[in-house]
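Quick one: dock chain against chain with the hints and give me the complex.
Residue numbers (the working numbering), protein chains in the order written: chain U, 1 to 105; chain P, 106 to 338.
Keep in mind the hints are simulated off the structure, nothing from the lab.
Computed from a prediction, not measured in an experiment: that's the story for all the values here.
Even glycine gets a Cβ: it sits at the ideal position worked out from N, Cα and C.
Any given hint could turn out to be false.
With a cut-off of at most 16 Å between alpha-carbon atoms, the simulated EDC-like pairs for lysine to aspartate or glutamate come out as follows [claimed, not checked]:
#: 1; chain 1: U; residue 1: Lys11; chain 2: P; residue 2: Glu309
#: 2; chain 1: U; residue 1: Lys11; chain 2: P; residue 2: Glu243
#: 3; chain 1: P; residue 1: Lys262; chain 2: P; residue 2: Glu172
#: 4; chain 1: U; residue 1: Lys11; chain 2: P; residue 2: Glu139
#: 5; chain 1: U; residue 1: Lys11; chain 2: P; residue 2: Glu172
#: 6; chain 1: U; residue 1: Lys11; chain 2: P; residue 2: Glu303
Far from chain U, by Cβ distances over 12 Å, these chain P residues were calculated [stated by the list, open to error]:
#: 7; residue: Ser141
#: 8; residue: Trp164
#: 9; residue: Arg167
#: 10; residue: Ile194
#: 11; residue: Met213
#: 12; residue: Ile228
#: 13; residue: Lys233
#: 14; residue: Ala234
#: 15; residue: Glu236
#: 16; residue: Phe251
#: 17; residue: Ala260
#: 18; residue: Leu265
#: 19; residue: Gly286
#: 20; residue: Val321
Derived coverage of chain P by chain U (criterion: at least 3 residues anywhere in the stretch with Cβ under 8 Å from a Cβ of chain U; other residues may be distant) [claimed, not checked]:
#: 21; region: 151-159
#: 22; region: 183-193
#: 23; region: 241-249
#: 24; region: 293-307
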Amino acid sequence: MADDHGRHAPKVHVTPMWIYLTVFFALAVGTVLTVVASRFDLGMWNTPIALVIATIKAVLVILFFMHVIHSTRLTWVVVIASFLWLGVLFVLTFADYLTRLWKIY
Amino acid sequence: MSEITLTGDTPVPHEEHHHPFLQHHFEDLGQQHEASTLGMWMFLSTEILFFGGVLCAYWVYRVLYPEAWAIGAAQQIWWLGAINTIVLIISSLTMALAVRNAQLGRRMGTVYMLIATLFFGSIFLGVKAYEYMKHWQEGLFPGAAFHWNEVPALAPKVQLFMTFYWSMTGLHALHMIIGAGLLLWFIWRAWAGHFGPEYYGPVEVMGLYWHFVDIVWIFLFPFLYLIHGAHHG
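Next comes chain P alone, as it looks inside the complex (with noise of 0.2 Å):
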């Protein structure tokens, strides 16, 4: 809505503050952040429940073989869950505070904070992929691959734990892959200088993002690697 005055001898168009990335489609930089704020929410909303179906399942199969899932629980190395569990708590306060940076306009505290998130999140990618080895290793791949047979009666039903083992923390790794992925694109933005006081919201909706996938792992390290009479090793 950018009103034109014709009064004058040339039209002067009223916007004397038009920042670069303030979209034609908002009124101001505010209503810019509030929209892709909670447009982020909604897809989050959206990823809840993406998680949820899958989370739900899990609790079903629990509640129905719950020896088979502690046998399950008993194959991880919890104290690599725990340390990556807290190596993804530090990356999210790292981008807490690159997202404070940015709102204090802190270009540099900005970009390096984003790159201990970044970091952090490799050093989280790294030890699960070592997790996978041991696992793929162990024959506790489902499928073909499997060929953990500790306690017969109950392979297959550990079987099914593997599944929902591998599929819980490979989505989680993916979104963890593309945030990595986000994070090297923001570190360049924020060191081109794009983020400031008035325009921090791409940083605020990167965090978003990075916050959730700390939350899903919050839940992930109890449920598959510490169920209670699982580990004795």
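Chain U with its partners taken away, still in its complex shape (with noise of 0.2 Å):
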């Protein structure tokens, strides 16, 4: 390191303007898709359509806006262990008020 400090620049990774519109487009029609799900009655699947929806548009957002996906290894690792973390949360959580609550189900 020591014979070329002072000289790197960050590495640019300029996203063309046509992924950023196109991803802008999907979370649009995401939002419209999410709004007209709602009103109809697809019984059990009202709530994992929803999620599912709302989850497409997060990777959307933090791949692309967010340039994860031309991020370091190390970056990766911090975003996956950190919805990894928020997974044990609710696992752990809804498999106690669960199966508490079994008889209603």
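Below is the structure:
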């Protein structure tokens, strides 16, 4: 490192305009879809569909607007670990609540 | 680690490309950029769990009181929430374009896109303020002010839904207000010409924050406004 310090600028990945616009369009379509889907009675599927659409929208934002797709592996580790811990929070909480109230289901 | 050459008559620091915003504890701008991006993601992971805690509590009570949650969501003006979702997505696009302009060294392009982001963020907050005013008038603020009573048996549970509504949207709006303040500072910095291809890290980090706040809303919108069977009006 001693021989090249002070010279390295950040790697610039300039995302093409069409990718930003496509992602924006997909997010807008997702918003319309989530509203439309909530209008129909899909029985037990209403909630999962809303969750899946929101998750897809979030992944698009993370990968393209937040540039994770071009990030270092260390950044990927932090991002994935965050959601892993979020998963632990939900799984352990509901492993408790859903089994306590088994008579409802 | 600035090495000093002592062979000549005068000491010459080995930092020919010393950038005004390169902090002394980093080897170079590339390392500084990666460290700041990583640091921001570390902060965002605490934010994910911070909002995650409230979301988890919300889901526990949604499972326990599904009818009250649907009635609570029916108190929201769903199309205002939908408009705000689109407004926030537009602001995320302009934020991403501000970063892109900074990467390309387009000074005024960065300034304009940051101003656009602030503009759409402010519209979001304005709409939110209008919704808050309506809820307050309808007696949907939890506590002593709560006097919604259309379904008496479920009123306490609807009040609990509204407690989640105000907490979650309030925390989100607080993040938006902090973001708007940061944007004002960034508009000034971009205008002063601080950013360019060598040094766009701060704009990138500002963008990470803004997009994160957008993601929180992407989940809050269906959770608080669109529970099936909720809107018949």
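Coverage criterion applied to the region 293-307 of chain P (partner chain U; beta-carbon cut 8 Å; 3 residues): holds (count 5)
Beyond 12 Å from every chain U Cβ - status for P:Trp164: At about 7 Å from chain U, P:Trp164 fails to clear the 12 Å cut-off, so the statement is violated.
Satisfaction of hint between P:Glu303 and U:Lys11, Cα-Cα up to 16 Å: holds, 9 Å
Reported absence of P:Ile228 from the contact zone with chain U (all CB gaps over 12 Å): holds, 16 Å
Distal placement of P:Ala234 relative to chain U, Cβ over 12 Å: holds, 21 Å
Pair hint U:Lys11 and P:Glu172, alpha-carbon separation not exceeding 16 Å: violated, 52 Å
Nearest-CB test (12 Å) between chain U and P:Ile194: Its Cβ does come within 12 Å of chain U, the nearest being 5 Å, so this is violated.
U:Lys11 paired with P:Glu243 [C-alpha distance capped at 16 Å]: This hinted pair is violated, its Cα atoms lying about 53 Å apart.
P:Ala260 and chain U, when compared Cβ to Cβ, separated by more than 12 Å: Nearest chain U Cβ is 22 Å from P:Ala260, so the label holds.
Least C-beta distance between P:Phe251 and chain U, which was stated to exceed 12 Å: The assertion about P:Phe251 holds, with a minimum of 26 Å to chain U.
Proximity test - 8 Å, beta-carbon atoms, the region 241-249 of chain P to chain U, at least three hits: violated (count 0)
Distance rule for P:Lys233, whose beta carbon must clear each one in chain U by more than 12 Å: holds, 17 Å
Hints 2, 5, 7, 8, 9, 10, 20 and 23 from the earlier list are contradicted by this structure; the remaining hints agree with it.
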